[in-house]
Structures are given as C-alpha cells and as structure tokens.
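Undergrad: Protein chains in written order, with numbering that gives the first Met the number 0: chain A, 0 to 112; chain B, 0 to 954.
Honestly, the hints are just simulated from the structure, not real lab data.
Heads up, a few of these hints could be off.
Partial pick of chain A residues on the chain B-facing surface, computed with a CB cut under 8 Å [said to hold, decoys possible]:
#  : residue
1  : Ile2
2  : Pro26
3  : Phe41
4  : Phe43
5  : Ile50
6  : Pro53
7  : Pro54
8  : Thr63
9  : Ile75
10 : Gly91
The structure displayed is predicted, hence computed values, not measured ones.
Glycine residues also receive a C-beta, built at the ideal position from the N, C-alpha and C atoms.
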Amino acid sequence: MEILVASAIGILTAGGLYLVLRMRTFPVILGVSLLTYAVNVFLFASGRLTIGAPPILTDATTYTDPLPQALVLTAIVISFGMTAVVVMIALGAYLGTNDDHVDDAPGRGEDAV
Amino acid sequence: MSLFLIVALPFLSALLPGLMNQAGRAACAGVTFTVTLAALVGLFTNLHTIIAGDVVMYRVDWIPSLGLNFTLMLDALGFFFATLILGIGLLIIAYARFYLAREDNMGEFFTYLLLFQGAMVGIVLSDNILLLLVFWELTSLSSFLLIGYWKHLPEGRQGARMALTVTGMGGLAMIGGMLILGQIAGSYDLSVILQNRELIQQSDLYLPALILILAGCFTKSAQFPFHFWLPHAMAAPTPVSAYLHSATMVKAGIFLMARMWPVLSGTPEWFWLVTGAGLITMVLGAVIALFKHDLKALLAFSTVSHLGLITMLLGTGTAFGAMAAVFHILNHATFKAALFMSAGIIDHETHTRDIRRLGGLRHLMPITFVIATLAALSMAGIPLLNGFLSKEMMLEEAYHTVLGGNHWIVPALAVVGSLFSAAYCFRLIGHTFLGPQRDDYPAKPHDPPAGLWLPPALLVVLVVAIGIAPFLAEPAVKGITAAVLGNTAEVPTAYFKIWHGLVPALYMSIVAVVGGLVVLALFKPLLKLWDAAPRPEAKTIFEGLVEGVVRLAKALILPLHNGAFSRYAAVMAVTVVIAGYYAWATGTVGAPTRSVQPAGAIEIAGWVMMVAAVLGMVFLHRNRLLSLVLIGIVGLMVSVGFVFFSAPDLAMTQITVEVVTTILLLLALNFLPNETPVESTVLRRARDMTVAVAGGVAAMGLSYHYLLRDAVTAPISEFHLANSYKGGGGTNVVNVILVDFRGFDTFGEIIVLGIAAVLIYALTETLLGGPVRARLLNRTPDKPLAGDQHPMMMVVLTRVAMPVVMMVAFYVFLRGHNEPGGGFIAGLIASIGLVMQYMASGYSWATQRQRYPHHGVIGAGVLIAGLTGIGSWFVGKPFLTSDFTYVRIPPFEKFELATAALFDLGVFLAVVGAVMLSLDGFSRLARRAHVKDSDYAMDINPARSENEALKGQGV
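Only chain B is shown next, with the shape it has when bound in the complex (with noise of 0.2 Å):
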C-alpha cells in the first residue's frame, strides 16, 4: 500500500467512529479495528522492501518554495514504530472497547484515537522534517483530547493541560531546532540532512540547534527536567495510558533522537546532554516509583525511568547503545503496555488502584495474575522473559561508558537505576496478588472476560518468546539498528543470548536483583523516610510557573488593552505612525522620478469641497445627521476624482455605493440618538487631534513621496493590459482582471459580502427574538413622522423609474466586459432600482412582491460563480479558467459570448442580494406595533375610500 494511505487512512477515518455512535459500541469499535488493521496489512505489503534493505518513498510537492514538501519515507526505523504503533494499537481498541463504561462516548473516544494514531504513524513515516514537524504538534493536540477525555474529572483537565503545555512548548522549541537544521543541511528532507553529519556537527549552529530539538524530544518523552506532566497524565482512561505511554506518544521524543542520531550523536555536546539526562531520569524515576501507592503512578514513573535508559543509550552515542535502545524500546512496548493494561483490569475489577488496599488477588484473579507477574518480572531483569536480555545489554554499555573520566559514576548509577526498578516490580507483584486475601476490596475481584485479558495476554506471550528465544529478534533488532546508525557506524556483531559467560553486567544484574528484594524488604521504614523528607511538588512548581507568566502577561497586554476601543485604536494609530517614521528614517529616498502634473481650478474646487466636507465632520461631528450629509458629500468628491484619474469603475462603483451606505445610516440613525453629547476633556481632544494629526501627515508624506516616484520594480499590470483582449476576450481591463485574471480573489469577496449580509440577518434575528423586540415595537418615534409616508407622487415616480433602472442595470451588466461597468456595479444599481420600492411603497407592499428570498439570491450568485470555475475542470483546465468565443446570429451584429459573464452574472446576484439582506434587517427593525403595516403602496389614494386608507395607516 502507498505511504500515504497508510497515513492518511487513520486521519480519512477518524469521524468513522464517530458517526457509528448510533450503531452501537461493538461497531464503533469495529470500524476502528478494520482501519487500524488495513493501515498495519497496508505497511506489511512493503515488508519485502524493508527486509531487502530498501527505503520506501512517497513524494509529492507541497509547498516547494519553503521546503515544504509531502515526503514520507519508509525504512526499518520507521516500519518498526509503525508495527508497534498500529499492532499495539489494535490490541488497545480490542481492549478499550471492553474497559470503557456504558456512559462513555465511545465514538468519540476513537475518533480521538485514529487521529492521534495518524499524527504518530505521520511522525515515524516523515522523511521531511516540516512535515514531521506538523504530525509532532499534532500528536500534542490529539494527546491532549485523549488525555482530557474524562472531561467531567478535573484532574483529567489539568493533565491534559499540563501535557499540552509542556508538550507543546517543547514543539515550539522544536520547530526552532528543525528550522535551523534545515538552513545548515540546505534542505529539509532528513535523506539529505542525514547525510551531511559533518557539515551538520562542524557548524556553529551546531549547539543551538541540538539543544532546540532535545528540548522537543525531552518535553515529549518525559525526561528530567520535563518529566513531570507523564504521571499527571494518567488521569485519562487506562487504555489511553497504555498506548501513549508505552508505545506511542513518549516513544516519539526517543524515535526522533534514534532518526537524528546519525547526525547529532558522537559529540560531547551530545553525549553530556542526553546521557546525563536519561541517568537522571532512570534513577529518579525508579526511586520515586517506587513509593507510589497508585498502580498507574508507578507505571508511570517506572516509564519515566524506563525512557530515562533508552535514552541514556542513545547519548553514549556507541553502535552496541544504539543497539540496547532499539531492543529496549521493543522489549518496554510489550511488557509495559501488558502491565497498563492490567493495572486497568485490576482497577475495572477491584474499582481502586490503590496498592495499600490490595494484595492477595493471585487466586481471586489467577490470569490477571500470570499476565502481570511476568511482564513485571520481565521489566525487573529476570532471566528467560525479555526485559533480562535488553537490561543487560545496557548494564554492558553503561559499563563501558566513561563520565567526565571517571570510570564507575555511569554503572553505579545504572546499577541503583535497575535495583529501584527491580524493586517496584517487585512491590508491584508482591503488595497487589501475593500476601494474604483481605476482605475489604472495594468490589468483589474476580477475572475479567476475555476481551480484557486476551490483549495483554498476547504481549505476555512475545515477552516470553524473545526471551526464551532472543534469536527470533535478533534480525529485526539488527536491521533496525542498521537503519538508526546509517552510514556512520557498523552494526555491532554481538549475538543475542541469555548466557555471555560470568561478565560485569551479570554481577550487576544479580546486584540489582538481590538489592530489589532487599529495599522491597525494607520498604516500611524506607517509606517513612520517605515521606518525611521533604520533597518539591512537580504539580505546584508548574502552576506557580504558569500563574506567573499570567501575571506577566496581563502586567504587559493591560495597560495597552483595558477593552477601551478608543485606547487600542490610539495605540495602533501610534506604532503605525512611529514604525512608519523608523522606516522613514532608515531607509533611501530616491530622488523624484515623475514630474508634477498642474493643477486647473476646477481640481482645486473639488478639493476644497472635500476638505470642508471633512473638517466640517470633524468640528461637527455632534449633529449626526449633519455629519452624514457631509460625509456624502466626501464619497460623491472622491467619486468625482475617480473619474478625472481615469477610473470611470471605481467611479461608478463608489457613487451607488454611497447611495446605499446613506440609506444604511440613516436607516440607523432612526434608531441612535440624534446628537453626540460632549463627554470628552479638552485634554483628550488634543490629544487625539494630535494623533489625527501624526496619522494624517504621515499618509501624506507617504503618499506625496511615491506619487512623484515610479514604482522600483515594473508593475505587472503590463501583462494584463497586453492579454486582456487575447486572453480574457475583454477591453475593460479592470474588469477582465475581476472576472477573470483574478477571478479567485473576486469569488471569495463576494462570498465574504455574503457572509457579512447573512451575518447582519442573524443579528436582526437575535434582536428581534431578545428582549429588545418589546422596547422596538413600543418605542415612540423621537422624530415626528410625515403623516403621508408613501406619497403618491414618489411611488408613481419609482414605479417608473423602476423598469429604466433595471435596464440601465441590464445594460451595464453587458457591456462590462468592453466597458466600464459589469456585475459589481450592475448589481448595486439594480439594488438600488429594488431599494427604492422599498422605501417609496413601504416594506409590507414590497416584501409581498418579492419573488426570490434575498438568501437565495445571495447562494444563487455564489453557487452560478463557483460553477462556472467548475466547469474548466471538464475540459482539464483548471479552476475559473475562462473562455469566449464570437457568435453570429444573422439578422444582429457579431456579439461575443464568455464564461467570465456567466462569472459576472454571480458576482451580480451575490450583491444584489447582499445588499438587499442588509438592508432589510434593518427595515425590520423599524417595525412598530400599533402602526400595522400598510398592505396597499400608497397612503392616500383616491382610488381607494379614505377610511380604509387611514385602517392603512393603523391610525
């Protein structure tokens, strides 16, 4: 199967689960079993590859430009956490569909679970690093849902919250280390950076870099100093527990520093930093485990301390620690997701995790039993099950490994490391089903139904093969290895056996097992030593950190932001201006280009115009009413100076426009108080006036300065004044750009016109259905109305006018693509033909003469313009290309037929309909009861007998 499906169909299927909600639990489970399977049958198909030694690939460009392309790549590496990612995956689905109780949404629960196992096989199957870097986050942020997936619990918040925190700032960190890596290799494909190590290690950016991406891979897998967001996480469901913490989501952190080993590893830098934080973590992780009373918890610590030595393996930076690290990560999958799973079953079975009120299960729950003693034996070093053989390899490396010079830190430590471990395992066997039976469990234990069992029982039974039987996994342990060392080291030739003779690692072993059984027998007093020292509490320190970046925050974003719009309107005003000023300041001025064009008095007439007009709004901008009326005046002035510079579009776009916008505000203004009142100090006004007035100089200077300048590169406007006729069929060069250079950009404004008038539908609507429809329906109006509002003279005059409009519409609709016009400004002139019905005849009269809802004539625009950028996908074009062609029916002239005018018909409708709907939201508020609304176009008719004119009229 392709890589790519093998990523995509978890991500594909991730609402499977979901929507089979309805169908039951068994089905949800189901669906989710059948993806997972297909995607693991889909990786084997490439087994033969893998096994040849082969790598595959899958690639298609993305975003080449930045790097960014869509590379997976497959080799043993990769193929081996992908087995273990959807193999343990479909053991945890079996298994989670019998844990989870009748209350919980299982659909939802699985929907959560593809798309994190998705984010994880994308990790392990990248090939480009900005890739990887996008499944990273993701599995940060599906980790997080499965986490909080107890929502009503708050510990299951917090955790979730912490993971997501620490987790996803070391993402960030990450993505700085990538990035940098990336600029040193000159590429962003890892078959390319890995094969440039000493480039890579001899760069200056060398240190950065590493310290960037461990702090991703630390942050994930849970080493010191970040370790303490893992055991929180155990707040989620046991089978979440059991598949991020054994498996997945930690593995992820170590998986990346086992793919960058080729490059990063070998140096001190390296070796200091990854060592010593895995020694930390193994030690510190095993003691702490082992005074945890909740089994998860010391499941959890006991993973902290089992990543700790992967990872410590990985810092020696040897082919033999490669090697341990690679077994190790198999050999801690199997026995370490068995164990989560029982520690579910025993918390399913018993309702406590609680070790202090268990112990004598082993009869109660002889299979439960079998399955968690050995896989607990195994995590403690005993020989014939697995964890014995890779615990041993890396008491030989550590052995072997040199701190600072001296000799006996790194085994000592690795030997107190496994004595803990060995001593948990032992609690953890000991203190839950040896001991005498007690009768105070909180529910009567007995074995869970197979569905429960079989799915550990299963790993029970690999971690007993591999270690009676290491040679089954010594090929794939060496062929992983191979793919982790690339080129830069051979594959060391140890074999895998249970017996190397009386070596070292032996005597450390038995060390580490005889001095397991020794703490375990003196854990009383060790607990109270415990408990009485004194200990920093991981949970507090993070808050503490969190509340005070908080604090910092909001000592900084206040004073600017305090929800005054006035203050950030002032702020931004301000950095503009000063930014603008800085850039001014530093950069060249060219001397001027262009010459000053003269300027006739009728220029300066009509500027002068604008400037009162403006000033006038400014000093009298309390009257509303005046300022509107002036600010007519501005637009009709710039329309005016559109058509002198040669913009009869823009033109005639700003006029209708302008009549609409008017109507608009003072269909408001019927509403808002008439006049400002005078709140502001004298104070505050010159100090707006003085930002006004920064603000208003710097756009002068700026637009002063590059109108005497030519631009510094060639426009490309010379393109589409060279192919609009060729290309685009039409001689309005602004207008083929709309429909059809730029059609894209065209289509998605009108969808945004759309949007905004379906927004201010759904605003009327919430207005009128609030407690503000009684105030509006009982409201006096504060101005005194006409007594004849439709005069007659008016509707006759519309109704007129009405058909001229339209064909005026019509015909600037037409002639668009030669001339100025087309469907923007066609579309307001027909909306202001349909406005004036409106206001002439009243709304009731008009509303009942609407044929088409305005909604639907806004989807209808839309709809008639995406098609049309459909329909070049049917001749292989791709989307809005347009074509025209010249058709002569005999009697007429030759006339030219264009896709783009189908474009334009969209574009028509969707502003017709656009402005429509907005308007008529707020004529709807207008509405008052006791005035009904009249059903007849006109006030006073002759026509009509005078009575029922004034029942019209609701007087």
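Pulled out of the complex, with its shape left as it was, chain A reads as follows (with noise of 0.2 Å):
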C-alpha cells in the first residue's frame, strides 16, 4: 500500500514538474495542479495511512492523524484561489500579447529553442 501511495506522489510530482516547465501558459498551470496534488497528498501521508478509522469520534478506539487532514483541507481550497489567479493573469497575458508564452523573452538562451 505505502508504495502505491509514494510512487503516486512521485510520478504526480513528475509529471508536474515536466508540465511546469513546458513553455506556454497552459500546460505549466496543469503542471503546477499536478504538484498542488502530489504536496496535498504528501503531507496528507505525513499522517500515515490509516484505513478505516476516520477522525470522527466514536467508540472507536484508534483513529487517523487528524492534523494533516485539517491542514490539507484549507490547502486544497486555497490552491482554487490560486490557480483561478494565475489562470486569469496567464489569460490576461495571452489577451493582451496575443502570445502564451511563460518566458519573458523568447529568442533568447537556450529556452527559446
């Protein structure tokens, strides 16, 4: 189980970062969804995985690490807030330039390849 959860969180921060560092607007913003996933169940897993015993009082006598959940909670609906930011400005970019690319100055360097 642990190493279905871990190699989740890796290839999810994989696949984001590749995504982030793609080079026009819309792709990074799903690359940077994709880590918001892969660090929201990261530190959700810092509470350990525990399979059926949720943080709801009962007469249950072993529950799962509440913390992380909070914590996690507000984070996912922060990183709402934030992706609509920076999809709005992305968009306004791309409004206004016509053009989505992230970098500042394409024909330079190596990234403009």
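Two chains, two frames, a set of hints: combine them into the complex.
TA: Now the structure itself:
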C-alpha cells in the first residue's frame, strides 16, 4: 500500500515538474495543479496511512491523524483560489499580447529553442 | 510620564502633521511642536528620579524566547540625550516653520521629523539591545526620508541614498555585533550586559563584536573612513541638517559608544580603533572644512571633525576623557545647531551659501552676525564661551595620552586639529560677515523675522551662559559621566572653571588659536596649494564601489534568473533535489518501524488509472482539452484515495473543488489556443524529463521513507483527538481543528481566498477597461457554438436541482461539526449549485436574480468570522475562543449551539463569494458584441413566439 501512495506522489511530482517546464501557459498551469495534488497528498500522508479509522469521534479506539487533514483541507481550497488567479493572469497576458509563452524573452538563450 | 509614552508619542502622532496639512502651515508646525513639547515635559517628570541617581525602567515582554523584550531604561545618559533630541527638536520645529517655502509640503516634512525623533528617543531609552537595533534602523530609514525631502533635487536623492547605504550597512554590521555581545553576556538587556565587563572582555568573541559594533557607530557618526556621507547629506533642507548633524543622528554612534563604554572600553583594541579613528577624523575633517566654500559643507566637515574629537576622547578609556566627551557633546550640540541655523538664515536671505560671494554682512544682518559669531568663536575655543571649556579638557586629556609608546603624537595631532578648527571658524566669521560690504549679493540681505533667529539665539544664550559660568553645567555633566562610567571608574573630581593656571592645555590652546589666525592670513596661497593637490573624491569612489557591487550581483544572478520562467523552475527543482539528497546522504536513516499494509486489486486499479492519466497528460498535453479531461481523472482518483485512507472531509472538499476548477479551466480554454505547438527541441525535452524524473524519484523516496516510519516525536494530534469533544464540542475532529483549535489559521485563509477573488475581479476590470476589451467583443469563437446554448432540458433540470443542492449544502454545513462536512465543503457545494444556474440559464439571466454582490458576500463572511472571534473578548477570553452549549426546545431533540458554527458560517460565505466572484470574472470576458445576452433562461421556449426567441439569441 505504502509503495503505491509513495509512487503516486512521485509520479504526480514528475508529471507536474515536466509540465511546469513547458513553454506555454496552459500546460504550466496544469503542471502546477499536478504539483498541488502531489504536495497535498504528501502532506496528508505525513499523518501515515490509516484505513477505516476516520477522525470522527465514536466508540472506536484508534483514529487517523486529523491534523494533516485539516491543514490539507484548507490547502485544497486555497489552491483553487491561486489557480484561478494564475489562470486569470495567463489569460490577461495572452489576450493582451496574443502570445501565451511563459518566458519573458523568447528568442534568447536555450529556453527559446 | 511612562517611558513607553515618551517613545511612543512621536510615532503615534507622526501622521497628525500630515493630516493637518490642509489646516495650514502654522497648524502643522503647531501640532508637531505640541507633541514634542509633551514628550519633553513627560521626560522631565522623571527628572527627580534621575537626580536621585536612580534608573527608571519600563518592561513589556515581547518575544521572551528570543530575549527580545520591550524594555526601556532611563538613566542620566539617556535623559541627557533625550533632552537634547527633544529640546533641540523644539527649536528646529519652530525654525522650520519659517524656513520652509510655501511650495514645500510641510505636513510631510513634520511627519518624517516626528518619525525620526521617535526613533532617536527610542535608541537612547532602549534597554534591550535588540530593541535598540530596531530603533537604530528606523533612524537610518527616517533620516533617508528627511535628507531626500527635496525629491526634485538630484543631490538630495543621491545624498539620501548614500546616507542610507552607509548607515544601513553599518546597521547590518551592528546587528551582528549586538547578537555576539548578547550571546557572550547571556542576555540582550543592557542592564545585564553592562554588569559583565570581565566576561565580555575575556571572551574570544570580544574583538569581532567590538569591530562590528564600532562599524555601526562609525558609519552613523561619520568617522573615518565612513565620514564621506555626512557632507553629501547637506543637500537636505537646513533644519534637517541642523537637527541631524548637531544633536541627533550623528550623535547616535557617539551615544552608543558612551553607552557601551563600561563593557567595551579600556582594552588596547578599543583604544587603537576608537582613538585612532577619532584622531584621523578630527584632523582630516578640520583640514577639509577650511577649504570648503559652501557654508553648509564647511559646517558639515567641522561636524565630522568634532565628532572625531568626541570619539577620540571616548577612545582614551579614562574617566576624564569620558567626562570631557560628555561635556563636548553638550557644547557641540548647542553651538553647532546655532551655526547650522545661522547658515540657513544666510542662505534664506541672500540666496547663496557660497562664502566667496558673501562678506560684509555684519551691518546688513547684525542679529545673525552676533549669533553666528558667538557660536563660531565657541567652536574655535575662545574663552568665556562653552567650546573653550571642553576643548581645554580635550587638550588636557590628549596631553596625557600615549599612543604606541609615543608621548607627543596625540597632543600634536590634537593641536593641529584645533588649529584648523580655529582657522575655519575665523574664516567663517571673517569671510561672511567682516570685510567690505558688497553690492552683488544674489538677494538683498537683511535680518530674518524672529521666528528664524530666535531658536539659534536661545542656543547661543546657553553657549555664553555655560562659557561664563561653567559651574552651572558641572553637576549635570558629572551626573551624566557617572552614568557613562557605570561602576567601572569614579567620576573625576576636576572642577569646571575657566582659569586652570598655566597648564600645558592652555599653551596648546594658545598655539591653536594663534596658529588659526596665521593660517587664515595665509589662506589664499594655501587654497592654491589645496586646489592643486590631488585629492580622492569620496563620492566617485563610493559610486564606483556601488557600481562594482551591482555588476557583481548581476553577474551572479542573471545567468540563473534571465527572465525565463522555465529556467527559474528548473533551477529551483534541481536545487531542492540536490539539497534534499545532501540531507539524505549525510543524515542517519533509522530502521522501518511500521509494517507495510497489503494492497488489494481495487487499490491497484485506482493507482493504475491515476498513473495512466498523468502519463497521458505528459505525452498528450499538446491537446489541451484532452489534458483537462485527464487531470479530472487524476483529481477524482485523489479524492477516492482520500476516502480510502479515512479522510472523508478531504475527499468531499477535493471533489467539489475539482468541479469548480474544471469549470474555471474550461472557461479559460475558451479564450486560449486549443493546441500547444511543438517548439522545444528533443534535447530540451530530455533535459526537462531528467529534471522531472529526478524530482519525482526524490518525492517518492521521501514519502516512502516516512510512510514506513513513525514520527520521531509524538504528533500533537493526540491533544486534538482528546479535546475535540470536551473543549470544542464536536466529534468531527478535522472540523473542530479548522474552526476552533486552529481557527485563526482558517480566518487568515478565508481572507487569502477573498483577496484572490478580488484580485481576479480587479484583473478582469483592468482587462475590460483596456484595449483587450474591443478584441474580446469582436472576436469570433474558433469553435462552432451550439445553436441552442441554453437548452430547456438543462435549464429545467438545474432549476429543479437548485433547492436540492442548497438543501444538501445546508445539511453538510450543519452536520459539519460532528460528521464530515463543514463550512468549506458546504460553500463549495452551494457554489456549484449557483454555477449550474449560470451555465444553464445564461449569465444575464442569473445575474439579474443575484441579490447580493459577490464582494459583499466575501466581506460578510470575513466579518462574521472576525466578529465571532472578537466576541470572545467581551467575556475576557482571547480572540476566537469558542463556546458551546446544548439546547433543548421541547418538541425537538437536544441540539448543540456553538460559536464555532457562526465562525463556520463566515467560512461558508467567504468560500461562496470567492468562488462565484472568480468564475464571474471569466464569464464576463466571454460576452461578445454582436451576441446580446439573452434575458430569457431558455433560448428556445415554446411559450414564447419564435421571433422573440431569435431576438433574444441575437442572431
């Protein structure tokens, strides 16, 4: 089980990083979203994996760690706000210049190739 | 008055003059004057304690764990400096009222002045050295504003920048020095540090601490080799120069050396550094001052020279030297402030400060003449004026000072310094006021109104009074000296009198004065020599240095940060991986403590789906719509994962956020190209792939590592689980953490969310207000649009679903405290319900039915949450303390009422408002000119005639 979650985090990170390194805004935004998943799952997993023991107080004796969950919950909502802002900035840049490159100066250095 | 108020008063009222700007110049100056007077009076209410030899303390713990406390201490030394700062401040304020021209913004000026004054008072009253550092930096910043007050003058801006750079760098050095000092002494409180002389001087870190602290003092007090900023700061308005360079800013370094005297002085290092720098500065400043033609420049270098003199006296490390220094600080403040103000008067009335264009002013400006002459003679060290007394003491001290086994070098240099000092004073008098009257002054000189000459006149009265009756100053100076010395030495018994008999100092004094007259007589040939001699220009060197540093910084930074975002991202990723690897490789890795849990077929299936979706995104990302679909799968699998691993709240949040994010990205994709073109080379893709895989492997390794091990220290979650019901009244621990334990966090988060939404709104407004608007209105969509954009089926369905969705949201909200749910999730669900209406029935139709603006909803949410928090103040509890009770209204079951629910309502509203406002921005972009917004919910409605429907569609 652990290896599945760990590898999922790894694959999300790798995919996110690769897309973040693309040259157009849209893939970069998707890349950031993938990284957000990776980070959220990573933080969530810091409470270790527990199956079938939600942090709702009942007669049960063991519960999963509620704190990472609370932190990740707000992170998810905030990430929506951030994504929206970034998308709006990207959109504004594209509509203003008819160019959706993320790099400041295409035509300079290796990044322009 | 409490010390806190004395320090706080200037800061608290700093905005008053700015606000009074409309009320006129007199009101502006009046309010500043009153505030300063109040602080001064407050200071004097403590006088009796100081005279009794006691110390007034004020203490508030700030960050005790760092040793940072808001502790203030008032002893004789602090009292003396605070009196100088506030007293001379009063005169300066009165003077500035008449000095500043009509076009100068007086409110701004006095605001800066009060900030500066507060910072200075803070320095001299601080007991905690960290607090002192804060005030120290504040003086650098506020003096920057004051020096650069005339923003239209390039000299003003350059001078201000130079002053800030030099004193700011010194401040940085001093932070280091103070931290070391605090580490040695084990406390950051001066009262403790001053008791630990032995401990500090024997420490190996004494020398670094000393050098760093002295760097701070020397830069502030313009000691060689940092003296060059002071003359350039003369570009400031004269009241600023008079204030900064007589009694305050430059005396801060001197103050600190005096303050630290008991613990730092008396060692050879101290002696060499401080006396050496002081001597050089004194002689150098005096020589340069003689050849300056600008009155203020002359005074600036004379200030440098006199600061050197005081520094040298402190450097000798003897009690007599300290007493002479204290006395000279007092005398210098009086005559120098008077001289600066006189120079300002001359500038104001004749419109020039160039000595070569002046001369013969004694009959034209008799009052100014008397004031300036008395002050200048005092500076030259003429008997019956206060400058004579302290200069005599300086020469006496110099006579006894041995530098490196040499008995004559210090006395000789002291005489040279005094000689040039006398010479420039005589030149100031001779070349400005004496000589023949001229007929080519830029303006017709006459004495100014009393407002300008009264402040310096008052100071000159002091100059003469102390000069004639030195015993008046004696108890005060001795009291202050006792405070400087602490318990390290006894105050010298020497009496203050004009005639000491035929002592060496008298002969040295005579040599200096006579020599000064001789030098003035030879001024013309000397000037020629001076002009011919090559001299390094400090400003050029400084600018060269700054340019060099900028070039170096650019050379370091530009290869990394060349404006290409991908490069930043790659550099950051690689750095994190390398740093992580370093930590991994050098740290110790414990054995796994948790057993691996088996994975079933369903889990593996979910994993496969997610991985396939990510891989699909990577390889097919050029098709943007497809990649959007794929990321939806990823989000869905993450949500399912949350359910599986006992996090129902997270799953609900993730899936609802997923819905709104997808809608948002779809809206955005409406405007962006559908395809990403192939642009990068194979090489670059390989590079990116490498970086990505390295990052992925690192993330995986780290996660796998800690998933198999328990936390090193017990998590604090036990507390939350144990107290959730007892203290928070809820069984859903995640929700109780959000609205109760960490409510303040959540409060901050909904504010961030609100700000993000408002930011989107602002960006939309900017876009729609600019050239983009026309393009958007006239664009033709690149995809064919459905003829029936708002189909009846969908409208009816969403309309029916709306109350159900709201009911679900309400239910999720209410049960949130005890079962999975809560304000965040309910807010997202409600938003989805609302968005459905927009999508199905059109923007126009939905907006018409929107009762409250989204901004208002966000604001209301934040306010409700904030007020809930504040509510706990009324019962004497800290912010956001929650309370709950169980209520039973007979026909119903017992239910719970918690203030946390009210807070959660705030969260709910903020989330709804933020989501709606964000999406609203995107939909407004989508409107086009030739397509009118339909007023009807459905494009085709059998109840309407077909023509009307077509009109509504705008075809």
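Undergrad: So, Gly91(A) near chain B? Judge it on the closest CB pair being under 8 Å.
TA: Where the cut-off is 8 Å and the nearest Cβ of chain B is about 5 Å from Gly91(A), the hint holds.
Undergrad: Please check whether Ile2(A) passes as an interface residue: C-beta within 8 Å of a C-beta belonging to chain B.
TA: This hint holds: Ile2(A) lies near chain B, its Cβ roughly 6 Å from the closest one there, short of 8 Å.
Undergrad: Hold the hint about Phe43(A) up to the distance rule: shortest CB distance to chain B must be less than 8 Å.
TA: holds (7 Å)
Undergrad: Would you settle whether the hint for Pro53(A) is holds or violated, based on the nearest Cβ-Cβ distance to chain B being less than 8 Å?
TA: holds (4 Å)
Undergrad: The hint names Pro26(A) as touching chain B; please verify it with the least Cβ-Cβ distance against 8 Å.
TA: holds (5 Å)
Undergrad: For the hint on Thr63(A), does the least C-beta distance to chain B fall short of 8 Å?
TA: holds (4 Å)
Undergrad: Any CB of chain B closer than 8 Å to the CB of Ile50(A)?
TA: Check passed: Cβ of Ile50(A) comes within 6 Å of chain B, closer than 8 Å.
Undergrad: With a cut-off of 8 Å, does the beta carbon of Pro54(A) approach a beta carbon of chain B closely enough for the hint to hold?
TA: This hint holds: Pro54(A) lies near chain B, its Cβ roughly 4 Å from the closest one there, short of 8 Å.
Undergrad: Using the nearest Cβ pair, does Ile75(A) come within less than 8 Å of chain B?
TA: This hint holds: Ile75(A) lies near chain B, its Cβ roughly 5 Å from the closest one there, short of 8 Å.
Undergrad: Restraint: Phe41(A) near chain B, CB-CB cut 8 Å. Satisfied or not?
TA: holds (6 Å)
Of the numbered hints given earlier, the model fails none.
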